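**Q** Chains as they are written, first to last, in this note's numbering: chain V, 1 to 203; chain A, 204 to 419.
It is possible that some hints are incorrect.
Away from chain V, derived, C-beta distances all over 12 Å, residues of chain A [what the hints assert, rightly or not]:
#1 Gly235
#2 Leu240
#3 Phe247
#4 Gly263
#5 Glu279
#6 Gln283
#7 Ser288
#8 Gly321
#9 Glu353
#10 Lys371
#11 Gln378
#12 Leu415
Stretches of chain V that chain A covers, calculated by requiring three or more beta carbons in the stretch to come under 8 Å of a beta carbon on chain A [stated by the list, open to error]:
#13 76-82
#14 112-125
#15 191-203
30 Å max Cα-Cα, derived DSBU-like pairs, lysine-lysine [unchecked claim]:
#16 Lys380/A <-> Lys308/A
#17 Lys336/A <-> Lys100/V
#18 Lys308/A <-> Lys54/V
#19 Lys129/V <-> Lys187/V
#20 Lys100/V <-> Lys342/A
#21 Lys100/V <-> Lys308/A
#22 Lys371/A <-> Lys342/A
#23 Lys40/V <-> Lys202/V
#24 Lys54/V <-> Lys129/V
#25 Lys274/A <-> Lys405/A
#26 Lys274/A <-> Lys46/V
#27 Lys129/V <-> Lys308/A
#28 Lys308/A <-> Lys342/A
#29 Lys46/V <-> Lys308/A
#30 Lys100/V <-> Lys405/A
#31 Lys85/V <-> Lys61/V
Hints in this document: simulated from the structure, not taken from any laboratory. Owing to the predicted nature of the structure, the values given are computational and were not obtained by experimental measurement. Idealized CB from N, CA, C, for every residue including glycine.
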Amino acid sequence: MKRFIFLSVLITGGLFFAEIAPAQDLTSLKEAFRNIRSVKAEFSQKRSIQILTKPLFSEGKLFFYTPDSLRWEYLSPLRTVMLQKGNTIQIYNFSDGVWKPEMAQAVESRRMVLAEISHWFQGRFDESKAFNHLYSPGPPERVILVSGEGINRFINRIEIVLSVRPGVIDRVEIEEPGGSRTSIEFKNVEINSSFSSEVFEKP
Amino acid sequence: MIRRKGLDICLLGFLILFAGCGPISKTTLRPGSPDDLPGCYAIFPAEPWESVHRLEATIGGGSFSLLGVTKGEPSERRLQSLLLSPEGFILFDAELSGDGIAVRKAVDPFDSPAFARGLMEDVSLLFLPPQAKPTAWGKETDGTMICAWEGPDESHVEISGSMESGWKILRRNKQGKVIKKAVLRGPFVNGLASRVELQAFKPASYRLRMTLVQPY
């Protein structure tokens, strides 16, 4: 298994080495994100799992307010919402016509996921504790996150494809050990639009 | 801490078991007509299949929601079952075959052998018929099938119902007490029930509601 991950990292490194840009380009990329205060978007998620002949599709929406307020909500097939405001994280599942809080253990396990997503929307790719980043000027401009020890049980690499609009993410591709993949496409992205802070507090 | 919580859940499970595990009378049946025998297998998919279910589990007062992906090869009595977080991360991946249970991936809190055994037992109860021929079966005048199997460990499995009214599966221990009960409701899509509610009473008490999202 370790050999496989090592090989994957080598392949990943090999594929992108030729177009990896120097660190100052990541600095200019971060500059593009500097003016972003909030993000509101819808997303479509396509999950390809080796044992399934057809992918599994999910739909959702997100709200982000810098630096650490995030609402990541799935509307289908599971209706569930993760809310982060500062250090407070809440997860609710919609069942029997009401929102029910998720068990505490499951909430804690999402903390890192939410922290990573918050980093993405601020262009703070170099601040991840779980991933090493690589920058590709493209086009399209991309940031590749290669998993470190521990997280590589779940994810091999994440590719964040950036829009031509400064500071906007078009698509995120996640590769897992075993060949499963997830693709998240963002649409109707609104930058710096206003919305109530309640979206981060209540399901 | 997690083990302590597990013990608490088990303790609560036992309390619920004694409070909530009401007696469900055992039906006395004789071997029925050979023509009715295929009806005992009507709820179990006969061809290779895949499914995605929305799962809502209630354990000890807490609840969580997951996606369940299952693939079955009935002729080989092989089942593969995955649990996914709502974001799509694989939390549990195991296969049941003639060689037993092989766990490919299991993340806390789904990483105990007891969990793997219990989950694959549930999936097996819902999607694979018992290996032996039913010991008794019958068809009532309204079309309701009733079938009973005895297991090698003196456990019993009973199914009753019809494609129109839905089905009930009971697993009893050797003392005759119901330890698992599943209710399957239509419409049936490619042989799979749209909704399933499974209650386990022993050794741990929990409730699992499954809604079919994608049949294949």
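**Q** A separate judgement is required for each hint: does it hold in the structure or not?
**A** Here is what the structure says about each hint:
no.: 1; hint: Gly235; verdict: holds, 37 Å
no.: 2; hint: Leu240; verdict: holds, 32 Å
no.: 3; hint: Phe247; verdict: holds, 19 Å
no.: 4; hint: Gly263; verdict: violated, 9 Å
no.: 5; hint: Glu279; verdict: holds, 15 Å
no.: 6; hint: Gln283; verdict: violated, 6 Å
no.: 7; hint: Ser288; verdict: violated, 8 Å
no.: 8; hint: Gly321; verdict: holds, 17 Å
no.: 9; hint: Glu353; verdict: holds, 33 Å
no.: 10; hint: Lys371; verdict: holds, 22 Å
no.: 11; hint: Gln378; verdict: holds, 32 Å
no.: 12; hint: Leu415; verdict: violated, 10 Å
no.: 13; hint: 76-82; verdict: holds (count 3)
no.: 14; hint: 112-125; verdict: violated (count 1)
no.: 15; hint: 191-203; verdict: violated (count 0)
no.: 16; hint: Lys380/A <-> Lys308/A; verdict: violated, 33 Å
no.: 17; hint: Lys336/A <-> Lys100/V; verdict: violated, 43 Å
no.: 18; hint: Lys308/A <-> Lys54/V; verdict: holds, 22 Å
no.: 19; hint: Lys129/V <-> Lys187/V; verdict: holds, 28 Å
no.: 20; hint: Lys100/V <-> Lys342/A; verdict: violated, 42 Å
no.: 21; hint: Lys100/V <-> Lys308/A; verdict: holds, 28 Å
no.: 22; hint: Lys371/A <-> Lys342/A; verdict: holds, 15 Å
no.: 23; hint: Lys40/V <-> Lys202/V; verdict: holds, 16 Å
no.: 24; hint: Lys54/V <-> Lys129/V; verdict: violated, 34 Å
no.: 25; hint: Lys274/A <-> Lys405/A; verdict: holds, 26 Å
no.: 26; hint: Lys274/A <-> Lys46/V; verdict: holds, 19 Å
no.: 27; hint: Lys129/V <-> Lys308/A; verdict: holds, 23 Å
no.: 28; hint: Lys308/A <-> Lys342/A; verdict: violated, 43 Å
no.: 29; hint: Lys46/V <-> Lys308/A; verdict: holds, 21 Å
no.: 30; hint: Lys100/V <-> Lys405/A; verdict: holds, 26 Å
no.: 31; hint: Lys85/V <-> Lys61/V; verdict: holds, 17 Å
Taken one by one, the earlier hints fail for this structure at numbers 4, 6, 7, 12, 14, 15, 16, 17, 20, 24, 28, listed in ascending order.
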